[in-house]
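Protein sequences, first through last, are from chains A and B. In terms of this note's numbering, the first sequence is residues 145 to 606. In terms of this note's numbering, the second sequence is residues 145 to 606.
A hint or two may mislead.
Since the list can't tell identical chains apart, any single copy or any two copies may satisfy a pair.
Calculated pairs, DSS-like style, for lysine-lysine (alpha carbon to alpha carbon, straight line, at most 25 Å) [what the hints assert, rightly or not]:
| id | residue 1 | residue 2 |
| --- | --- | --- |
| 1 | Lys400 | Lys196 |
| 2 | Lys217 | Lys196 |
| 3 | Lys213 | Lys203 |
| 4 | Lys600 | Lys377 |
| 5 | Lys203 | Lys364 |
| 6 | Lys377 | Lys433 |
| 7 | Lys196 | Lys215 |
| 8 | Lys183 | Lys217 |
| 9 | Lys400 | Lys600 |
| 10 | Lys364 | Lys217 |
| 11 | Lys215 | Lys203 |
| 12 | Lys433 | Lys196 |
Worth flagging that the hints you see were computed from the coordinates, not collected in a lab.
There are 2 protein chains.
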Amino acid sequence: MGALEEGHFDAESPAIAFGGGGGAPAAGTIEDAVRVLLKGLGEDSDREGLRKTPMRVAKAFREGTIGYKQKVKDIVQDALFHEAGLDNGVGQAGGSGGLVVVRDIDLFSYCESCLLPFSIQCHVGYVPSGRRVLGLSKLSRVADVYAKRLQEPKRLAHEICAALQNSIAPAGVFVALQCWHIQFPEALKLNLNPGHPSRSIMQGWVRTSASSSTGVFTEKSSSLCEEFRALLKFRGVSLDSNDSGGSSIHSWCPSKSLDLRSDSLASHSILVDAVASILRSLDEDPSRKELVGTPYRYVRWLMNFRRSNFDLMKNGLTNQLENVDRYIRGGNVINSELNLPFCAQCEHHLLPFHGVVHIGFFYGTERKAIDRPGLQSIVHFYSCKLQVQERLTKQIAEAVHFVLGNGVMVVAEANHICMISRGVEKVGSNTATMAVIGQFAMDATAKSSFLEAISKSTATGG
Amino acid sequence: MGALEEGHFDAESPAIAFGGGGGAPAAGTIEDAVRVLLKGLGEDSDREGLRKTPMRVAKAFREGTIGYKQKVKDIVQDALFHEAGLDNGVGQAGGSGGLVVVRDIDLFSYCESCLLPFSIQCHVGYVPSGRRVLGLSKLSRVADVYAKRLQEPKRLAHEICAALQNSIAPAGVFVALQCWHIQFPEALKLNLNPGHPSRSIMQGWVRTSASSSTGVFTEKSSSLCEEFRALLKFRGVSLDSNDSGGSSIHSWCPSKSLDLRSDSLASHSILVDAVASILRSLDEDPSRKELVGTPYRYVRWLMNFRRSNFDLMKNGLTNQLENVDRYIRGGNVINSELNLPFCAQCEHHLLPFHGVVHIGFFYGTERKAIDRPGLQSIVHFYSCKLQVQERLTKQIAEAVHFVLGNGVMVVAEANHICMISRGVEKVGSNTATMAVIGQFAMDATAKSSFLEAISKSTATGG
């Protein structure tokens, strides 16, 4: 067991044996491990917003890895239906050939490198044979059996493909995945180009694609791969032409590029042990090759959201802004900085929510100016912790108001991974929150002008 | 009990008392009722594809009305979190004002007029008060409690709104719904304009919107409604300006315009009684004002998909085509008719799947010509029955090949309501199937030219 961060672990901590023991984990281990992580983040796991977080996180991990307990056979066995092939003539159709493709299946999986969920758009095609077809919804269910595990895109594509080939014995299967992984805040910061925030950086996704095929799809003489691609193209999906198989595994997870040997991690080894115990509770083997660095990486991710006692408003912010030398417009002109990216951690689920913040403000006549990097610092400061979006919006508004004093309006727009990957699975949902202080509160026209400015920037892709 | 259609109900039918008895329904009633409906459709409920249909339909109805058994209090009680309002200054934010909006929540509900599922995009906004906010995912969960009932858009909006107002006591709630109801085949046929198939007709949706608001959103002096609308506009959602409330109920369901007094229905009264028994099994009251015509309308819908013994290929099709006087191009020119709309009924779930069919073909030198209305008739004939998409595609290809003889390629693209509204809930998924006969089977270039033609038509919105 590594060095304890004294003070974070008090006498009330239950005596849990994390680490190399290797025995069967006791019931409740995930919840206990999450409590250890919360303490490691400098949080009080008894405060209202966090009280049920261990339970919620444990539930999410269990649901997110339920695929280990599911059998493809159970799903497929009652859903193979006899369909005749062609009555006569040369060709392919029905249960004897004739491509069947289900496109745009939304799935979620957990990244085996860092334990964060990643988003998948899955396209499955197969060519029936033996006069049998599979109920269409089962293609999605079988894919989900393998998505609900700790995964990596390439292996996921292979496993779905092999399972379908083995269970329905068609002439061939083609599985194509497009995957999106949330960016790590470190990378988000490094890539930040305040002048030209690109959509992909704003939304904080790393994208990759993977595919796998069997049978007739692997035959050079067959045009089936081209036809599969053409059917996807109707829906606006373009596969890379090198997506037809192969076994090279890119390290697409952004955590792979982090240096895990830094000193800061040694002091977190009790947290790393806690994460390893979560893996064991999920019947995973933390010593499996692909998982060796995972607990470190997950802790590294969490540590971005450590509680800070530093009071940005009272200590840091005004000093930081003292060097800004810029013409200050007083009076009634609305200034705005739009699409400032952020990534915060939902305190109820320990899952990220991320998006953009728009800030509108009036300059006071005797106050400092504030520029885009200054506002981005404020956004970054308040998002890098366990948060809820309503509070984040309020805190950013208050901080800006503290500096400028005349009136601030903040609109935050975010995708909540907890809304997408957990129980309710509302993939397209997006949350907007608003806070107004000072002049904006009394001036409906000012509010509406600022909202109009955001609307225009959205329309032009800014 | 009404007139029996003799011959459809043999001695093996279980003696089920449908109709006015009013007693508590016995276990298994929905399954039995579905078997009655299948016989009424001229189907053998023991054939492979239908054997488990009664079980699947019963499960779907039970899951689709589970909201009657759910309590909003159970969902909300542990998810109200303390959030401070503004520390100082004039304004709204956090737990004291400051708009919170969750946009683009995908839901499904069952139409109380015809028992078909309808699709909902739900947007919920509220203004916190009393220094409390609700966990964001609960807005979606509460909405779903009311969606999972027999519904009508306006009432659904009112019920979600009232439930949120009562359970979280905020300063106000705004609920806006955009709803899509599948078109009835009768209406689909009437509106068919072969020359200019519009997207909305092809996709077979009737659209409406509804909204409801409470508290500060109803105050004339408040700009909050405008701000709610502006936040939706960022996501490309435009609410009608008359969507701010009101209680007028449009009869949006296309079944409402059907004439229910026609003679054809009298002969189906045993089916109507079966549907009424399904309603009772779901703890609904078939004599509730809004449900009075529902069993009739659902039966009317189903009867569009009655099994026909008429053999289109051998009896009707070539005669029908004899009057077509059109220049016939022989040889190697690919002819194509794209985006022919269809609506079929999935035999596994008794739920519609609908979309478009693309047909490519070579004319034989001594054969009849076939025009777009002729092809549309073929598509219509094979889709208006209990089907699976693979078989539909094959049958259309075979029918066209029977007439033309030289080579046919059919691509069908469909949304399956069963994939969207039932268990797997893959809202964006779409299925494509392909069949090729004759010349196309040997000619990869012909296949690829035809697919390219579809791709172009999709790109130009044709």
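Tested hints:
Proximity of Lys400 and Lys196 under a CA criterion of 25 Å is satisfied in neither setting, with 31 Å inside one chain copy and 48 Å between copies. For the identical chains of this complex, Lys217 and Lys196 are inter-copy neighbours only, at 18 Å across copies versus 36 Å inside a copy, given an alpha-carbon limit of 25 Å. In the homo-oligomer, the alpha carbons of Lys213 and Lys203 lie at most 25 Å apart both inside one protomer (15 Å) and across protomers (23 Å), since each shortest distance falls under that limit. When the C-alpha separation of Lys600 and Lys377 is checked against a cutoff of 25 Å, the pair qualifies only between copies, where the shortest distance is 10 Å, while the shortest distance within a copy is 30 Å.
In this homomeric assembly, Lys203 and Lys364 never come within 25 Å of each other (Cα to Cα): the closest approach is 46 Å inside a single copy and 45 Å across copies. Taking identical chains as interchangeable, the C-alpha atoms of Lys377 and Lys433 are never at most 25 Å apart, the minima being 37 Å within one chain and 48 Å between chains. With identical chains, the CA atoms of Lys196 and Lys215 are at most 25 Å apart between copies only, with a shortest distance of 20 Å across copies and 31 Å within one. Taking the shortest Cα distances, Lys183 and Lys217 never come within 25 Å of each other, neither inside one copy (43 Å) nor across copies (31 Å).
With identical chains, the CA atoms of Lys400 and Lys600 are never at most 25 Å apart, being 38 Å at best within one copy and 41 Å at best between copies. Within a single copy, Lys364 and Lys217 get their C-alpha atoms no closer than 31 Å, and across copies no closer than 60 Å, so neither meets the 25 Å cut-off. Taking the closest pair of Cα atoms, Lys215 and Lys203 come within 25 Å of each other both inside a single copy (21 Å) and across two copies (21 Å). Neither within a single protomer nor between protomers do Lys433 and Lys196 lie at most 25 Å apart by alpha-carbon distance, with minima of 33 Å and 44 Å respectively.
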